[in-house]
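Colleague: Make the full structure from the sequences, and use the hints.
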Amino acid sequence: MPLAIHVWSKKEARTLKVGSVELLVGSHARQSSNLQISEWLLLLLRMAIVALAVLLMAGPRWKVPGKADRVAYLVEPSLAGDPGLVPVLDSLAAKAGVSLLQEGFPPWENGMEITDHGTPPYWQLVQMMDSLPPDSLVVFARAHVRGIKGMRPPTHKKIHWVVQGEGEEIETPLLAERGAQGMVTVSLLSQGQGTRYKNRPLPDGLSMEKGDSLPLSWGGSLRMLPLIKLDSLRVHIYVGTQADHSLPYIQAALSAVSRYLGRNLDLKRYGPGETTRDAGDLNLWLRETPVEGPKGRWLVQREDPMARALIEQKGDSLYHLTARLDTKNTVEEHFVRQLLPLLAPDPLPIKKAGDLDLRQMDIKQFQPRYDPSKTQKDLARMLDISPWVLLALALLLVAERSISKIRKQ
37 MPLAIHVWSK
47 KEARTLKVGS
57 VELLVGSHAR
67 QSSNLQISEW
77 LLLLLRMAIV
87 ALAVLLMAGP
97 RWKVPGKADR
107 VAYLVEPSLA
117 GDPGLVPVLD
127 SLAAKAGVSL
137 LQEGFPPWEN
147 GMEITDHGTP
157 PYWQLVQMMD
167 SLPPDSLVVF
177 ARAHVRGIKG
187 MRPPTHKKIH
197 WVVQGEGEEI
207 ETPLLAERGA
217 QGMVTVSLLS
227 QGQGTRYKNR
237 PLPDGLSMEK
247 GDSLPLSWGG
257 SLRMLPLIKL
267 DSLRVHIYVG
277 TQADHSLPYI
287 QAALSAVSRY
297 LGRNLDLKRY
307 GPGETTRDAG
317 DLNLWLRETP
327 VEGPKGRWLV
337 QREDPMARAL
347 IEQKGDSLYH
357 LTARLDTKNT
367 VEEHFVRQLL
377 PLLAPDPLPI
387 KKAGDLDLRQ
397 MDIKQFQPRY
407 DPSKTQKDLA
417 RMLDISPWVL
427 LALALLLVAE
437 RSISKIRKQ
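All residue numbers for the sequence shown refer to this note's numbering, where the first residue is 37 and numbers rise by one.
Listed next, the in silico DMTMM-like pairs over lysine to aspartate or glutamate satisfying Cα-Cα at most 20 Å (straight line): (1) 234 <-> 204; (2) 194 <-> 398; (3) 131 <-> 145; (4) 350 <-> 328.
No wet-lab data here; the hints were simulated from the structure.
Modeller: As C-alpha coordinates, this is what we get:
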(Lines of atoms letter the chains of each structure in order from A and count residues from 1; the text may use other names and numbers.)
(Lines give C-alpha, C1' and ligand atoms only; values in the text may rest on other atoms or scores of the structure.)
Protein backbone atom coordinates (compact mmCIF):
# COMPACT_ATOMS: atom_id res chain seq x y z
CA MET A 1 0.00 0.00 0.00
CA PRO A 2 2.74 2.57 0.73
CA LEU A 3 4.29 1.68 -2.62
CA ALA A 4 0.98 2.23 -4.46
CA ILE A 5 0.43 5.59 -2.76
CA HIS A 6 4.00 6.61 -3.51
CA VAL A 7 3.67 5.77 -7.21
CA TRP A 8 0.23 7.34 -7.50
CA SER A 9 1.31 10.56 -5.82
CA LYS A 10 4.22 10.96 -8.22
CA LYS A 11 3.34 13.92 -10.50
CA GLU A 12 4.12 14.00 -14.19
CA ALA A 13 6.51 16.70 -15.34
CA ARG A 14 4.88 19.77 -16.94
CA THR A 15 6.27 21.40 -20.01
CA LEU A 16 6.60 25.17 -19.82
CA LYS A 17 7.21 27.18 -22.95
CA VAL A 18 9.75 29.92 -22.39
CA GLY A 19 11.38 32.24 -24.79
CA SER A 20 14.93 31.53 -23.70
CA VAL A 21 16.74 29.37 -21.14
CA GLU A 22 19.69 31.72 -21.00
CA LEU A 23 18.67 33.23 -17.68
CA LEU A 24 17.67 29.91 -15.95
CA VAL A 25 20.00 28.61 -13.24
CA GLY A 26 20.90 24.91 -13.57
CA SER A 27 20.17 22.59 -10.61
CA HIS A 28 22.99 21.05 -8.71
CA ALA A 29 23.36 17.32 -9.31
CA ARG A 30 23.95 16.67 -5.59
CA GLN A 31 20.76 18.40 -4.57
CA SER A 32 18.78 16.42 -7.14
CA SER A 33 20.39 13.20 -5.94
CA ASN A 34 19.53 13.98 -2.31
CA LEU A 35 15.94 14.62 -3.21
CA GLN A 36 15.68 11.30 -5.00
CA ILE A 37 17.34 9.38 -2.16
CA SER A 38 15.03 10.94 0.42
CA GLU A 39 11.98 9.87 -1.57
CA TRP A 40 13.18 6.27 -1.69
CA LEU A 41 14.01 6.42 2.02
CA LEU A 42 10.51 7.66 2.82
CA LEU A 43 9.05 4.82 0.78
CA LEU A 44 11.05 2.23 2.71
CA LEU A 45 10.21 3.81 6.06
CA ARG A 46 6.49 3.85 5.34
CA MET A 47 6.53 0.26 4.17
CA ALA A 48 8.42 -0.78 7.31
CA ILE A 49 5.91 1.08 9.52
CA VAL A 50 2.98 -0.81 8.02
CA ALA A 51 4.81 -4.14 8.32
CA LEU A 52 5.68 -3.53 11.98
CA ALA A 53 2.10 -2.49 12.77
CA VAL A 54 0.79 -5.77 11.32
CA LEU A 55 3.47 -7.76 13.17
CA LEU A 56 2.59 -6.04 16.44
CA MET A 57 -1.09 -6.96 16.10
CA ALA A 58 -0.10 -10.62 15.51
CA GLY A 59 1.64 -10.85 18.92
CA PRO A 60 5.21 -11.70 17.89
CA ARG A 61 7.13 -14.42 19.75
CA TRP A 62 10.76 -15.48 19.44
CA LYS A 63 11.91 -18.99 20.25
CA VAL A 64 14.95 -19.05 22.52
CA PRO A 65 16.66 -22.00 24.23
CA GLY A 66 15.11 -22.78 27.60
CA LYS A 67 17.23 -22.30 30.67
CA ALA A 68 16.04 -25.30 32.67
CA ASP A 69 17.07 -25.61 36.27
CA ARG A 70 19.22 -28.58 37.02
CA VAL A 71 16.71 -30.32 39.31
CA ALA A 72 13.50 -29.67 41.23
CA TYR A 73 12.07 -31.47 44.26
CA LEU A 74 8.50 -32.51 45.05
CA VAL A 75 7.07 -34.18 48.15
CA GLU A 76 3.79 -35.96 48.74
CA PRO A 77 1.59 -33.95 51.18
CA SER A 78 1.34 -36.83 53.66
CA LEU A 79 5.16 -36.84 53.94
CA ALA A 80 5.61 -33.08 54.24
CA GLY A 81 5.50 -33.17 58.04
CA ASP A 82 7.46 -36.40 58.55
CA PRO A 83 10.02 -35.69 61.30
CA GLY A 84 12.65 -37.83 59.57
CA LEU A 85 12.18 -36.14 56.21
CA VAL A 86 11.72 -32.47 57.22
CA PRO A 87 15.49 -31.79 57.76
CA VAL A 88 16.21 -33.15 54.28
CA LEU A 89 13.47 -31.00 52.76
CA ASP A 90 14.80 -27.95 54.62
CA SER A 91 18.25 -28.33 53.10
CA LEU A 92 16.82 -28.91 49.61
CA ALA A 93 14.48 -25.93 49.89
CA ALA A 94 17.44 -23.66 50.62
CA LYS A 95 19.12 -24.74 47.36
CA ALA A 96 16.44 -25.31 44.75
CA GLY A 97 13.03 -25.12 46.44
CA VAL A 98 10.55 -27.88 47.22
CA SER A 99 6.97 -28.16 45.95
CA LEU A 100 4.03 -30.28 47.07
CA LEU A 101 2.97 -33.20 44.92
CA GLN A 102 -0.54 -31.99 44.20
CA GLU A 103 -2.35 -30.01 41.53
CA GLY A 104 -0.64 -26.67 40.92
CA PHE A 105 2.56 -27.81 42.72
CA PRO A 106 2.46 -25.13 45.48
CA PRO A 107 5.76 -24.40 47.26
CA TRP A 108 6.50 -26.27 50.47
CA GLU A 109 7.56 -24.47 53.64
CA ASN A 110 8.55 -25.93 56.98
CA GLY A 111 5.69 -25.74 59.43
CA MET A 112 3.03 -24.96 56.84
CA GLU A 113 -0.47 -26.28 57.45
CA ILE A 114 -1.45 -29.04 55.02
CA THR A 115 -5.10 -30.05 54.98
CA ASP A 116 -5.07 -32.60 52.16
CA HIS A 117 -3.26 -35.77 53.27
CA GLY A 118 -4.98 -38.07 50.79
CA THR A 119 -3.14 -40.20 48.25
CA PRO A 120 -2.46 -38.08 45.15
CA PRO A 121 -3.19 -39.41 41.63
CA TYR A 122 0.45 -40.05 40.75
CA TRP A 123 0.20 -40.69 37.01
CA GLN A 124 -2.19 -37.78 36.41
CA LEU A 125 0.29 -35.46 38.16
CA VAL A 126 3.13 -36.84 36.01
CA GLN A 127 1.41 -35.37 32.94
CA MET A 128 1.28 -31.97 34.70
CA MET A 129 4.98 -32.21 35.56
CA ASP A 130 5.84 -31.80 31.87
CA SER A 131 4.99 -28.08 32.20
CA LEU A 132 7.61 -27.53 34.94
CA PRO A 133 10.85 -25.81 33.79
CA PRO A 134 13.39 -28.28 35.27
CA ASP A 135 14.42 -31.20 33.13
CA SER A 136 15.02 -33.52 36.12
CA LEU A 137 12.70 -34.08 39.09
CA VAL A 138 13.14 -35.84 42.41
CA VAL A 139 9.83 -36.89 43.98
CA PHE A 140 9.40 -38.13 47.55
CA ALA A 141 6.29 -40.33 47.57
CA ARG A 142 4.68 -43.32 49.24
CA ALA A 143 3.77 -44.97 45.89
CA HIS A 144 0.53 -46.41 47.21
CA VAL A 145 -1.30 -48.79 44.91
CA ARG A 146 -4.56 -46.91 45.42
CA GLY A 147 -3.01 -43.79 43.85
CA ILE A 148 -2.44 -45.50 40.48
CA LYS A 149 -5.30 -44.92 38.05
CA GLY A 150 -5.47 -45.01 34.27
CA MET A 151 -2.77 -45.86 31.76
CA ARG A 152 0.96 -45.41 32.30
CA PRO A 153 1.70 -41.88 30.98
CA PRO A 154 4.67 -40.84 28.80
CA THR A 155 6.91 -38.03 30.02
CA HIS A 156 10.03 -36.27 28.76
CA LYS A 157 11.13 -35.49 32.33
CA LYS A 158 13.76 -37.52 34.09
CA ILE A 159 11.90 -38.42 37.28
CA HIS A 160 13.62 -40.10 40.20
CA TRP A 161 11.14 -41.48 42.73
CA VAL A 162 12.25 -41.74 46.35
CA VAL A 163 9.72 -44.15 47.86
CA GLN A 164 9.25 -43.86 51.60
CA GLY A 165 8.56 -47.32 52.99
CA GLU A 166 5.55 -48.42 55.03
CA GLY A 167 7.49 -50.76 57.27
CA GLU A 168 5.16 -50.95 60.26
CA GLU A 169 1.97 -52.94 59.85
CA ILE A 170 -1.08 -50.91 60.85
CA GLU A 171 -4.17 -52.66 62.18
CA THR A 172 -7.59 -51.05 61.88
CA PRO A 173 -10.76 -52.70 63.27
CA LEU A 174 -13.60 -52.65 60.74
CA LEU A 175 -16.55 -54.53 62.21
CA ALA A 176 -17.71 -57.16 64.66
CA GLU A 177 -19.44 -60.43 63.90
CA ARG A 178 -21.50 -62.69 66.12
CA GLY A 179 -21.58 -66.23 64.76
CA ALA A 180 -21.27 -69.84 65.74
CA GLN A 181 -17.81 -69.24 67.25
CA GLY A 182 -18.96 -66.32 69.38
CA MET A 183 -18.04 -62.66 68.96
CA VAL A 184 -15.09 -61.72 66.76
CA THR A 185 -13.72 -58.45 65.42
CA VAL A 186 -12.60 -58.20 61.80
CA SER A 187 -9.53 -55.99 61.36
CA LEU A 188 -7.53 -54.86 58.38
CA LEU A 189 -3.73 -55.19 58.66
CA SER A 190 -1.80 -53.33 56.01
CA GLN A 191 1.76 -52.34 55.21
CA GLY A 192 3.84 -51.67 52.10
CA GLN A 193 4.22 -55.35 51.24
CA GLY A 194 0.59 -56.37 51.48
CA THR A 195 -2.86 -56.16 53.07
CA ARG A 196 -4.72 -58.88 54.95
CA TYR A 197 -7.68 -59.40 57.26
CA LYS A 198 -7.60 -60.86 60.74
CA ASN A 199 -10.33 -62.12 63.05
CA ARG A 200 -9.85 -61.56 66.77
CA PRO A 201 -12.16 -63.52 69.12
CA LEU A 202 -13.56 -61.50 71.99
CA PRO A 203 -13.80 -63.30 75.34
CA ASP A 204 -17.30 -63.69 76.73
CA GLY A 205 -18.21 -60.83 79.03
CA LEU A 206 -16.00 -58.28 77.28
CA SER A 207 -18.42 -57.65 74.43
CA MET A 208 -21.08 -55.14 75.42
CA GLU A 209 -23.09 -54.82 72.23
CA LYS A 210 -25.51 -51.94 71.82
CA GLY A 211 -28.08 -52.79 69.21
CA ASP A 212 -26.32 -52.98 65.85
CA SER A 213 -23.01 -51.62 67.18
CA LEU A 214 -20.19 -52.78 69.41
CA PRO A 215 -18.13 -50.23 71.41
CA LEU A 216 -14.45 -51.13 71.30
CA SER A 217 -11.52 -49.38 72.98
CA TRP A 218 -8.77 -49.02 70.39
CA GLY A 219 -5.66 -46.83 70.36
CA GLY A 220 -6.74 -44.84 73.37
CA SER A 221 -10.18 -43.99 71.97
CA LEU A 222 -13.59 -45.61 71.83
CA ARG A 223 -14.80 -46.88 68.47
CA MET A 224 -18.27 -47.99 67.52
CA LEU A 225 -18.00 -50.98 65.20
CA PRO A 226 -20.96 -52.17 63.14
CA LEU A 227 -22.20 -55.50 64.50
CA ILE A 228 -23.29 -58.20 62.09
CA LYS A 229 -25.18 -61.17 63.43
CA LEU A 230 -24.29 -64.20 61.34
CA ASP A 231 -27.08 -66.71 60.90
CA SER A 232 -26.57 -70.29 59.78
CA LEU A 233 -25.75 -70.87 56.14
CA ARG A 234 -28.88 -72.34 54.59
CA VAL A 235 -28.01 -74.55 51.60
CA HIS A 236 -30.56 -76.59 49.62
CA ILE A 237 -29.35 -79.40 47.33
CA TYR A 238 -31.64 -80.91 44.72
CA VAL A 239 -30.42 -84.33 43.51
CA GLY A 240 -31.70 -86.45 40.61
CA THR A 241 -32.54 -90.09 40.14
CA GLN A 242 -28.95 -91.10 39.44
CA ALA A 243 -26.18 -90.90 42.01
CA ASP A 244 -24.07 -87.80 41.54
CA HIS A 245 -20.37 -88.29 42.25
CA SER A 246 -19.96 -84.52 42.73
CA LEU A 247 -22.12 -84.51 45.88
CA PRO A 248 -19.44 -85.61 48.40
CA TYR A 249 -17.03 -82.95 47.14
CA ILE A 250 -19.74 -80.28 47.32
CA GLN A 251 -20.59 -81.23 50.91
CA ALA A 252 -16.90 -81.15 51.90
CA ALA A 253 -16.47 -77.75 50.28
CA LEU A 254 -19.56 -76.38 52.07
CA SER A 255 -18.18 -77.60 55.42
CA ALA A 256 -14.85 -75.86 54.71
CA VAL A 257 -16.61 -72.58 53.87
CA SER A 258 -18.75 -72.88 57.01
CA ARG A 259 -15.68 -73.22 59.22
CA TYR A 260 -13.90 -70.37 57.43
CA LEU A 261 -16.84 -67.98 57.84
CA GLY A 262 -17.55 -69.09 61.40
CA ARG A 263 -21.17 -69.88 60.59
CA ASN A 264 -23.17 -73.04 61.16
CA LEU A 265 -24.23 -75.00 58.10
CA ASP A 266 -27.93 -75.80 57.67
CA LEU A 267 -27.89 -78.29 54.80
CA LYS A 268 -31.11 -79.73 53.35
CA ARG A 269 -31.24 -82.35 50.62
CA TYR A 270 -34.21 -82.90 48.32
CA GLY A 271 -34.59 -86.14 46.35
CA PRO A 272 -36.13 -86.70 42.90
CA GLY A 273 -39.45 -84.90 42.52
CA GLU A 274 -39.09 -83.04 45.85
CA THR A 275 -39.13 -79.24 45.95
CA THR A 276 -39.67 -76.46 48.45
CA ARG A 277 -40.94 -72.90 48.37
CA ASP A 278 -38.26 -71.67 50.76
CA ALA A 279 -35.06 -70.48 49.14
CA GLY A 280 -31.73 -71.04 50.84
CA ASP A 281 -28.70 -68.77 50.84
CA LEU A 282 -27.50 -71.07 48.07
CA ASN A 283 -29.50 -73.57 46.04
CA LEU A 284 -27.69 -76.35 44.14
CA TRP A 285 -29.51 -78.03 41.26
CA LEU A 286 -27.85 -81.35 40.37
CA ARG A 287 -30.62 -82.60 38.10
CA GLU A 288 -30.71 -82.80 34.31
CA THR A 289 -34.15 -81.19 34.16
CA PRO A 290 -34.75 -77.39 34.07
CA VAL A 291 -34.61 -75.58 37.38
CA GLU A 292 -37.85 -75.57 39.40
CA GLY A 293 -37.82 -73.64 42.61
CA PRO A 294 -38.13 -70.27 44.35
CA LYS A 295 -36.14 -67.18 43.49
CA GLY A 296 -32.66 -66.99 44.97
CA ARG A 297 -29.03 -67.71 44.23
CA TRP A 298 -28.72 -70.91 42.17
CA LEU A 299 -25.76 -73.08 41.26
CA VAL A 300 -26.89 -75.36 38.44
CA GLN A 301 -24.85 -78.31 37.18
CA ARG A 302 -24.36 -77.87 33.42
CA GLU A 303 -21.23 -79.45 31.97
CA ASP A 304 -19.27 -77.23 29.57
CA PRO A 305 -15.91 -78.46 28.16
CA MET A 306 -15.10 -74.92 26.95
CA ALA A 307 -15.53 -73.33 30.36
CA ARG A 308 -12.54 -71.59 31.98
CA ALA A 309 -13.60 -72.24 35.59
CA LEU A 310 -15.59 -74.74 37.60
CA ILE A 311 -18.13 -72.05 38.51
CA GLU A 312 -19.15 -69.46 35.92
CA GLN A 313 -21.72 -66.70 36.37
CA LYS A 314 -24.57 -66.71 33.83
CA GLY A 315 -26.85 -64.09 35.37
CA ASP A 316 -27.40 -61.89 38.43
CA SER A 317 -28.15 -64.90 40.66
CA LEU A 318 -27.45 -67.81 38.32
CA TYR A 319 -24.20 -69.79 38.23
CA HIS A 320 -23.21 -72.97 36.39
CA LEU A 321 -21.14 -75.84 37.72
CA THR A 322 -19.33 -76.65 34.49
CA ALA A 323 -17.87 -80.07 35.31
CA ARG A 324 -18.45 -83.06 37.52
CA LEU A 325 -16.23 -82.80 40.56
CA ASP A 326 -13.44 -85.19 41.41
CA THR A 327 -10.37 -85.10 43.61
CA LYS A 328 -8.17 -83.57 40.89
CA ASN A 329 -10.25 -80.61 39.71
CA THR A 330 -11.52 -79.84 43.20
CA VAL A 331 -7.95 -79.26 44.41
CA GLU A 332 -6.19 -77.95 41.29
CA GLU A 333 -8.95 -75.50 40.31
CA HIS A 334 -9.63 -74.35 43.89
CA PHE A 335 -13.32 -75.22 44.03
CA VAL A 336 -13.69 -73.99 47.64
CA ARG A 337 -12.29 -70.57 46.71
CA GLN A 338 -14.73 -70.31 43.78
CA LEU A 339 -17.64 -71.36 46.00
CA LEU A 340 -16.91 -68.83 48.77
CA PRO A 341 -18.23 -65.68 46.97
CA LEU A 342 -21.59 -67.41 46.43
CA LEU A 343 -22.06 -67.81 50.18
CA ALA A 344 -20.45 -64.49 51.21
CA PRO A 345 -21.10 -62.32 48.12
CA ASP A 346 -20.66 -58.87 49.63
CA PRO A 347 -18.33 -58.86 52.64
CA LEU A 348 -18.15 -55.48 54.37
CA PRO A 349 -14.34 -55.44 54.93
CA ILE A 350 -13.65 -55.43 51.18
CA LYS A 351 -15.78 -52.32 50.75
CA LYS A 352 -13.91 -50.42 53.45
CA ALA A 353 -10.39 -51.50 52.59
CA GLY A 354 -9.66 -48.84 49.94
CA ASP A 355 -8.68 -45.89 52.17
CA LEU A 356 -6.75 -48.14 54.56
CA ASP A 357 -4.78 -50.04 51.93
CA LEU A 358 -1.08 -49.21 52.43
CA ARG A 359 0.32 -51.51 49.75
CA GLN A 360 3.11 -49.94 47.69
CA MET A 361 4.03 -50.56 44.08
CA ASP A 362 7.40 -51.81 42.97
CA ILE A 363 9.45 -48.88 41.67
CA LYS A 364 9.85 -50.50 38.25
CA GLN A 365 6.10 -50.77 37.82
CA PHE A 366 5.54 -47.33 39.31
CA GLN A 367 7.76 -45.43 36.86
CA PRO A 368 6.00 -43.61 33.98
CA ARG A 369 7.16 -44.21 30.42
CA TYR A 370 10.15 -41.99 29.58
CA ASP A 371 9.90 -40.38 26.11
CA PRO A 372 13.01 -38.27 25.35
CA SER A 373 11.90 -37.37 21.79
CA LYS A 374 10.19 -34.15 22.91
CA THR A 375 12.79 -33.03 25.40
CA GLN A 376 14.65 -30.49 23.27
CA LYS A 377 11.45 -29.12 21.79
CA ASP A 378 9.82 -28.65 25.16
CA LEU A 379 12.92 -27.06 26.67
CA ALA A 380 12.68 -24.19 24.16
CA ARG A 381 10.61 -21.26 25.34
CA MET A 382 8.86 -18.43 23.47
CA LEU A 383 9.95 -14.88 24.27
CA ASP A 384 7.47 -12.02 23.78
CA ILE A 385 9.13 -9.40 21.55
CA SER A 386 6.13 -7.05 21.31
CA PRO A 387 7.87 -4.29 23.35
CA TRP A 388 10.84 -4.33 20.97
CA VAL A 389 8.60 -4.20 17.92
CA LEU A 390 6.68 -1.30 19.45
CA LEU A 391 9.91 0.57 20.12
CA ALA A 392 11.09 0.05 16.54
CA LEU A 393 7.72 1.24 15.23
CA ALA A 394 7.93 4.43 17.30
CA LEU A 395 11.45 5.18 16.05
CA LEU A 396 10.42 4.65 12.43
CA LEU A 397 7.42 6.97 12.85
CA VAL A 398 9.64 9.73 14.27
CA ALA A 399 12.14 9.25 11.44
CA GLU A 400 9.45 9.27 8.76
CA ARG A 401 7.81 12.43 10.09
CA SER A 402 11.12 14.20 10.43
CA ILE A 403 12.25 13.41 6.86
CA SER A 404 8.80 14.25 5.49
CA LYS A 405 8.89 17.67 7.17
CA ILE A 406 12.36 18.44 5.88
CA ARG A 407 11.60 17.35 2.31
CA LYS A 408 8.01 18.53 2.46
CA GLN A 409 6.73 15.13 1.44
